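Participant: Same order as they appear, the protein sequences are chains B and F.
Numbers in our numbering are just positions in the first sequence, counted from 1, shifted up by 464.
Numbers in our numbering are just positions in the second sequence, counted from 1, shifted up by 464.
It cannot be assumed that every hint is accurate.
As the list claims (entries may be wrong) - Using C-beta positions, here's what the derived DEER-type ranges look like:
| hint | chain 1 | residue 1 | chain 2 | residue 2 | range |
| --- | --- | --- | --- | --- | --- |
| 1 | B | Ser834 | F | Glu908 | 40 to 48 Å |
| 2 | B | Asp495 | F | Arg760 | 49 to 57 Å |
| 3 | B | Asp753 | F | Pro832 | 52 to 60 Å |
Stated by the list, open to error - With a straight-line cut-off of 25 Å between C-alpha atoms, the simulated DSS-like cross-links for lysine-lysine are:
| hint | chain 1 | residue 1 | chain 2 | residue 2 |
| --- | --- | --- | --- | --- |
| 4 | B | Lys580 | B | Lys600 |
| 5 | B | Lys994 | F | Lys872 |
| 6 | F | Lys877 | B | Lys977 |
Keep in mind the hints are simulated off the structure, nothing from the lab.
The model shown is predicted, which means the values in this text are computed figures rather than measured ones.
By construction, the Cβ of each residue, glycine as well, lies at the ideal position given by its N, Cα and C atoms.
Number of protein chains: 2
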Amino acid sequence: MPKTAEVDLHQSFLKCEAAHRLHALARYPYDLTSEGNLTPQRVEELRASSCGYLMLYGTERVTHEVMRDLFALAKEMHVFEKMRRMKEGEVVNYIQGFKSEERPALHMAARAFFGKPPKGKMAAEAVHLAKRELEKLKSFIEQIDREKRFDTLVSIGIGGSDLGPKAHYIALQPFAKEGRSVRFISNVDPDDAFETLRGLDLKRTLVVVISKSGTTLETRANEEFVRSLFTAEGVRPEGHFIAVTGESSPMDDPKRYLKVFYIWDWIGGRYSTTSMAGGVSLSFAFGFDLYLEFLRGAWEMDETVLQEELQHNLPLLGALLSVWNRSFLSYPTLALIPYSQALARYPAHIQQLEMESNGKHIDQMGRPISFPTAPIIWGEPGTNAQHSFFQMIHQGTDLIPLEFIGFKESQAKADHSFEGTTLQQKLLANLFAQAIALAKGEKEENPNRECAGNRPSHILLGNELTPRALGSLLSYFENKIAFEGFIWGINSFDQEGVQLGKHLASKVLDGFKGSRTFPLGDAYIKLLNKVP
Amino acid sequence: MPKTAEVDLHQSFLKCEAAHRLHALARYPYDLTSEGNLTPQRVEELRASSCGYLMLYGTERVTHEVMRDLFALAKEMHVFEKMRRMKEGEVVNYIQGFKSEERPALHMAARAFFGKPPKGKMAAEAVHLAKRELEKLKSFIEQIDREKRFDTLVSIGIGGSDLGPKAHYIALQPFAKEGRSVRFISNVDPDDAFETLRGLDLKRTLVVVISKSGTTLETRANEEFVRSLFTAEGVRPEGHFIAVTGESSPMDDPKRYLKVFYIWDWIGGRYSTTSMAGGVSLSFAFGFDLYLEFLRGAWEMDETVLQEELQHNLPLLGALLSVWNRSFLSYPTLALIPYSQALARYPAHIQQLEMESNGKHIDQMGRPISFPTAPIIWGEPGTNAQHSFFQMIHQGTDLIPLEFIGFKESQAKADHSFEGTTLQQKLLANLFAQAIALAKGEKEENPNRECAGNRPSHILLGNELTPRALGSLLSYFENKIAFEGFIWGINSFDQEGVQLGKHLASKVLDGFKGSRTFPLGDAYIKLLNKVP
Chain B
465 MPKTAEVDLH
475 QSFLKCEAAH
485 RLHALARYPY
495 DLTSEGNLTP
505 QRVEELRASS
515 CGYLMLYGTE
525 RVTHEVMRDL
535 FALAKEMHVF
545 EKMRRMKEGE
555 VVNYIQGFKS
565 EERPALHMAA
575 RAFFGKPPKG
585 KMAAEAVHLA
595 KRELEKLKSF
605 IEQIDREKRF
615 DTLVSIGIGG
625 SDLGPKAHYI
635 ALQPFAKEGR
645 SVRFISNVDP
655 DDAFETLRGL
665 DLKRTLVVVI
675 SKSGTTLETR
685 ANEEFVRSLF
695 TAEGVRPEGH
705 FIAVTGESSP
715 MDDPKRYLKV
725 FYIWDWIGGR
735 YSTTSMAGGV
745 SLSFAFGFDL
755 YLEFLRGAWE
765 MDETVLQEEL
775 QHNLPLLGAL
785 LSVWNRSFLS
795 YPTLALIPYS
805 QALARYPAHI
815 QQLEMESNGK
825 HIDQMGRPIS
835 FPTAPIIWGE
845 PGTNAQHSFF
855 QMIHQGTDLI
865 PLEFIGFKES
875 QAKADHSFEG
885 TTLQQKLLAN
895 LFAQAIALAK
905 GEKEENPNRE
915 CAGNRPSHIL
925 LGNELTPRAL
935 GSLLSYFENK
945 IAFEGFIWGI
955 NSFDQEGVQL
965 GKHLASKVLD
975 GFKGSRTFPL
985 GDAYIKLLNK
995 VP
Chain F
465 MPKTAEVDLH
475 QSFLKCEAAH
485 RLHALARYPY
495 DLTSEGNLTP
505 QRVEELRASS
515 CGYLMLYGTE
525 RVTHEVMRDL
535 FALAKEMHVF
545 EKMRRMKEGE
555 VVNYIQGFKS
565 EERPALHMAA
575 RAFFGKPPKG
585 KMAAEAVHLA
595 KRELEKLKSF
605 IEQIDREKRF
615 DTLVSIGIGG
625 SDLGPKAHYI
635 ALQPFAKEGR
645 SVRFISNVDP
655 DDAFETLRGL
665 DLKRTLVVVI
675 SKSGTTLETR
685 ANEEFVRSLF
695 TAEGVRPEGH
705 FIAVTGESSP
715 MDDPKRYLKV
725 FYIWDWIGGR
735 YSTTSMAGGV
745 SLSFAFGFDL
755 YLEFLRGAWE
765 MDETVLQEEL
775 QHNLPLLGAL
785 LSVWNRSFLS
795 YPTLALIPYS
805 QALARYPAHI
815 QQLEMESNGK
825 HIDQMGRPIS
835 FPTAPIIWGE
845 PGTNAQHSFF
855 QMIHQGTDLI
865 PLEFIGFKES
875 QAKADHSFEG
885 TTLQQKLLAN
895 LFAQAIALAK
905 GEKEENPNRE
915 CAGNRPSHIL
925 LGNELTPRAL
935 GSLLSYFENK
945 IAFEGFIWGI
955 NSFDQEGVQL
965 GKHLASKVLD
975 GFKGSRTFPL
985 GDAYIKLLNK
995 VP
């Protein structure tokens, strides 16, 4: 249960005065196609910056008035108070009056040891525990370096124990330690584990199994399958498996694992990249020091979230733009397009972060929600995406807002000049050109060439995708998504909607075992014989 | 220009009588949550099959009446006549009365040599040319096998020259020839090429460059970059590069390439996986015979598309369900969820195929469209997706229809029994359970546990993902998407919307070269200095 408070933390989104004004403003959103509306001055003026990033949002359909009202809406919904409570470890994962998880959401504590100790007893305790695991990790990685027994780490986990670690592992490839690599097994599809292990020297392979509860079906099944494959290859699994799990979970078993690292129920799976769920694979691949730099970057962005000046609070600014596009302009999706091949799997991670957090149908008082919440997040890297689905973004019947990410410099610094410009310059030119083309559109006599424009976007522009910059980027998204949830008045930290599917899957599985007590499930099992 | 015809090929979608009836029916779509509505009988009855696949659509919000009217709509839009014309090589890529590409769309010709020669002079000629390239490919692959000079193929291409080949390469991993692998470079981001080449023995690396026009910016720049990296490593690029391009394009140059394979302007990039664009990498990795099996599977599904019995025409059935969900129930997206890790990149390929083909704002007469066309396609494999964004699909404020794909058997046949069932059974149980849970939902006293249901889906169920089954799957999607375009009355074969962005990118690039004549572009370039 939340502490009682002077402010009304359960203010309803639609009852905010600013929401009324914004609904009126949304009837005539800023027209980016009108002569004189999208100018170099506007592009230059509508910007904000912090932690190495510049946010350029001149190509969003906003005016100063809209931005003022969005900020007023955030204040009416007490976002700073909610954020403060989250950071300090109060219970923010709850539904008032109904049984729910009743937990804090303390993922920021996992990187809060760079500065002053956080306020709040729970947060301070969380920082203490996180540091303890970090120190365990540091000596474990030193031992790995010393013993030189392992080249490859196989990570077994699903959802937050897979998407975040994998997306960040891919993002930092040029920083990988010589001869070290990580592979990921997530799907219960047996081909996933089998293909992932193919060609590996299992004698030189370390396996980390990640499950907070220690009971995740896919992860346990994959662990057993992988252990059996080790045995089949004549490699005894003892001495090759470590675990990341909750203290005293069924997996907290030093007889079964070389080492057990802890995670806690106050860090949700999708927010766990900066906990040991991500820490083991990232520090195995890149070294402990680079992993610390990554955490530092996340902490630096965390430090901006209570900042009331929007110019320096990118997560809040991002959330305001998202709420405008989603709840007032009613765009159902957001395309996340990193102009950076290193971020190829970032959209998949942010897809989970946003949709599992904010894809909710009730508010924190348990009241049904009558306005659109989380957008569907999807996307692929640019310029690839330009040659794939951008046709539809330019000329489709629906409007699709975009969030672009780009960097001044490449990671590897290897480049080539071709026809007078480098590849990196071509990459950036395409990024900027798309923002302009989507916003302004083009009138044409041939209707097949006409682009209506008014496709809103903004650009998050960094210097270079270093571990530190990647940490800041992660924190940007985590906090942006939390701010959205605070504005919508929902609980961004549970996922009760997935229970029904789990429950029915276990009933269908009973059918596979021969017990036919679930007629609908049994009908599907019988239909397997009708596949031609 | 199309041939004159007795039927009105330019019938307007909204003026169809069936469209009026369907709009009325869409006001009260079939309620899957109502007691007695989703029964084992319904699940068993609403099915269709061909080419090794069973389509189960009992969990869509359709009735027999809806299906009848959807079929009537397809007939009013003359889909069979349009499909016949496409297969026979008539010009289907046009906008009546306006300058446009004026081409046939003959991707089916690339695999039409298994049966009787196609009707239509153009189609017969296309089959002849496709066979000629196939024979060239066969002897080239034999030479590769004989000489044993190359282990790795690096494929440079973007859009259709990347997504399709890569998605299908990933899908068939267990069939890869010992010691052969393919890597893909697509993005103009210099880190893409640099990272992709890392660790490769360039002496044993063959490079295929794919661009129909021979002028694709990203592909040319990457080719030059890769050639420079070969040179830097002391490997002379001569003797390592082959090309896939149009006859007499700038890349059709035997001095520059060991071998040049041809593609033609009557196969669109996104439809080019069964041409040499996909053929080179797939037969390098899996052998020519397996590639032929893949083509055979595609041809087999192609053979069903003029079949008027919906029970045996899966592409048309899929298209009708898609049009119902998109244009009548107004769902803006479709989540494509393969319960098969091998199909991890299939959603990205189908995303391009659908959105670039049908993301259009005018019909084939150049008239503006006032109804929603292509859905946004997005997705990730199950069960992974269940641990990521399924929370929102079950409980979000928006309805998201789903297309599931699953297989009875795994590819590798390696499996493990855990708690009484195999991993493959667990995978299938989850697939079936999700279809049921999403459709039926669940009433609960705790609103946070309640699932409203009526989330429509269908399942495409195959035996095993073999090369042949994969070919049929590809043809299913290609033809489904073409049928949708025929029903909507649009041209699914051009992509004029991407021109504006290309044009502006070249203007921004001029700015990077120092010529400041595009103030908006220059504003962005200047802002690069403001990145903190």
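Participant: Which of the numbered hints above does this structure break?
Facilitator: Going through the list in order, the structure violates hint 1 alone and respects the others.
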